[in-house]
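So the protein lines, in turn, are chains X and D.
Numbering of the first sequence is given in the numbering used here, commencing with residue 1 and proceeding in unit increments.
Numbering of the second sequence is given in the numbering used here, commencing with residue 1 and proceeding in unit increments.
Worth flagging that the hints you see were computed from the coordinates, not collected in a lab.
Glycine included, each C-beta is placed from N, C-alpha and C at the ideal position.
Careful: at least some of the hints might be erroneous.
Said to hold, decoys possible - Calculated pairs, SDA-like style, for lysine to any residue (alpha carbon to alpha carbon, straight line, at most 20 Å):
1. X:97 with D:34
2. D:38 with X:82
3. D:38 with X:93
4. D:40 with D:55
5. D:131 with D:34
6. D:38 with X:92
7. X:130 with D:127
8. D:38 with X:44
9. D:131 with X:41
10. X:130 with D:129
11. D:38 with X:99
12. D:85 with X:44
13. X:97 with D:115
As the list claims (entries may be wrong) - According to the in silico footprint, chain X covers these stretches of chain D (three or more CB under 8 Å from chain X):
14. 71 to 79
15. 106 to 119
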Amino acid sequence: MSETKTIVRRFFDTLCSGDFAAAFAGMTDDATWSVIGTTAVSGTLDKAGMLSKQVPMLASFKEPPVVGVDEIIADGNRAVVLAHCSGVGPTGPYEQKRYAFVLRIRDGLVAEVVEYLDTVAVETAICGNKVVAA
Amino acid sequence: MADTREVAEKFIDRIEGLNFLEAFGMLAADGHYTVIGKTKASRTYNGRQDLFDNLIPLLSTFVEPPRLAFDRPVVDGDRAVLLAKGAGRGPTGPYDQPYYAFVTRVRGDEFVEIIEFMDTTMLETAIFGKKLVDA
Chain X
1 MSETKTIVRR
11 FFDTLCSGDF
21 AAAFAGMTDD
31 ATWSVIGTTA
41 VSGTLDKAGM
51 LSKQVPMLAS
61 FKEPPVVGVD
71 EIIADGNRAV
81 VLAHCSGVGP
91 TGPYEQKRYA
101 FVLRIRDGLV
111 AEVVEYLDTV
121 AVETAICGNK
131 VVAA
Chain D
1 MADTREVAEK
11 FIDRIEGLNF
21 LEAFGMLAAD
31 GHYTVIGKTK
41 ASRTYNGRQD
51 LFDNLIPLLS
61 TFVEPPRLAF
71 DRPVVDGDRA
81 VLLAKGAGRG
91 PTGPYDQPYY
101 AFVTRVRGDE
111 FVEIIEFMDT
121 TMLETAIFGK
131 KLVDA
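Could you put together the complete structure from these sequences and hints?
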């Protein structure tokens, strides 16, 4: 297994165990986490933002989101984690049959994560919105 | 026979050149193409013909076709992940996708699997005439 895959596997094992402090320790000081789209939780956060916004958002779930890693694809210092997730968000059931996390590694640590997901599911399960005919 | 990176780069060249039919024609006759989410376009298209018969017509309504620019693909064995950003104008609104990902599996000169990740809310508003409201 490549070094990148090993780092990413360890990072996700820690993250999925719910040990956010240990997971954050595996990130560079200037690491960023981006969620695609224009939802209320979309955008790019630094580590402070992850702690002040992302962790409380996850804590607001009625049933915590359970993420399962399906595959890790790696090339040099970049990796793509394919995963799935389900739980119950503050405003509805949350299911992501297909997730893709794109990571960049620097000095053995995670420097960047971009989370690709179904943003409509985020709107309905986390943000309390719905999509209707215009 | 082309290697994974060459196949990925051929797909990128075609998409960046707005040759969408040639790009999607790289899906194997028995390949699978999945659009994530629960939009009208979201499902797994089984085979190239299903893709051409049912997804391409849905996407042919763009007022301005999305112009995509790709990063260097992430290649690992027969896997290639193509990351892109792009914008255009759909039939019912602006179409802005700063984060696109095509997760692919290559066999020979073709793709046997493509999973397309994008902002599904943007699909709903720009292509399918939907809007977002409080639940």
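Each hint tested on the structure:
Proximity of residue 97 of chain X to residue 34 of chain D is assessed by CA-CA distance (about 11 Å); at most 20 Å being required, the pair is judged to hold. Taking the CA atoms of residue 38 of chain D and residue 82 of chain X, the gap is about 18 Å. The hint holds against a cut of 20 Å. Using a Cα cut-off of 20 Å, the hinted pair residue 38 of chain D and residue 93 of chain X holds, with the two alpha carbons roughly 14 Å apart. At roughly 9 Å between alpha-carbon atoms, residue 40 of chain D and residue 55 of chain D fall within 20 Å of each other, so this suggested pair holds.
The straight-line distance between the Cα atoms of residue 131 of chain D and residue 34 of chain D is roughly 23 Å, outside the 20 Å bound, and the hint therefore fails. For the proposed pair residue 38 of chain D and residue 92 of chain X, the alpha carbon gap of about 15 Å is at most 20 Å, so the pair holds. About 17 Å separates the Cα atoms of residue 130 of chain X and residue 127 of chain D, which keeps this hinted pair within 20 Å; it holds. Between the alpha carbons of residue 38 of chain D and residue 44 of chain X the distance comes to roughly 25 Å, so the proposed pair goes past 20 Å and is violated.
Pair hint residue 131 of chain D plus residue 41 of chain X holds up; C-alpha atoms about 18 Å apart against a cutoff of 20 Å. Distance restraint check for residue 130 of chain X and residue 129 of chain D: the Cα-Cα separation of roughly 14 Å lies within the 20 Å cut-off, and the hinted pair is therefore satisfied. At most 20 Å may separate the alpha-carbon atoms for a hinted pair to count; residue 38 of chain D and residue 99 of chain X meet this at roughly 14 Å. Between residue 85 of chain D and residue 44 of chain X, the direct Cα distance comes to roughly 16 Å. Compliance with the 20 Å bound is thereby established for this hinted pair.
About 12 Å separates the Cα atoms of residue 97 of chain X and residue 115 of chain D, which keeps this hinted pair within 20 Å; it holds. Closer than 8 Å: that is the beta-carbon criterion, and the region 71 to 79 of chain D has 5 residues meeting it against chain X, so the requirement of 3 holds. Look at the region 106 to 119 of chain D against chain X: 4 of its residues bring a Cβ nearer than 8 Å to a Cβ of that chain, three or more, so the hint holds.
Violated hints, listed in ascending order, are 5, 8; each of the other numbered hints is respected by the structure.
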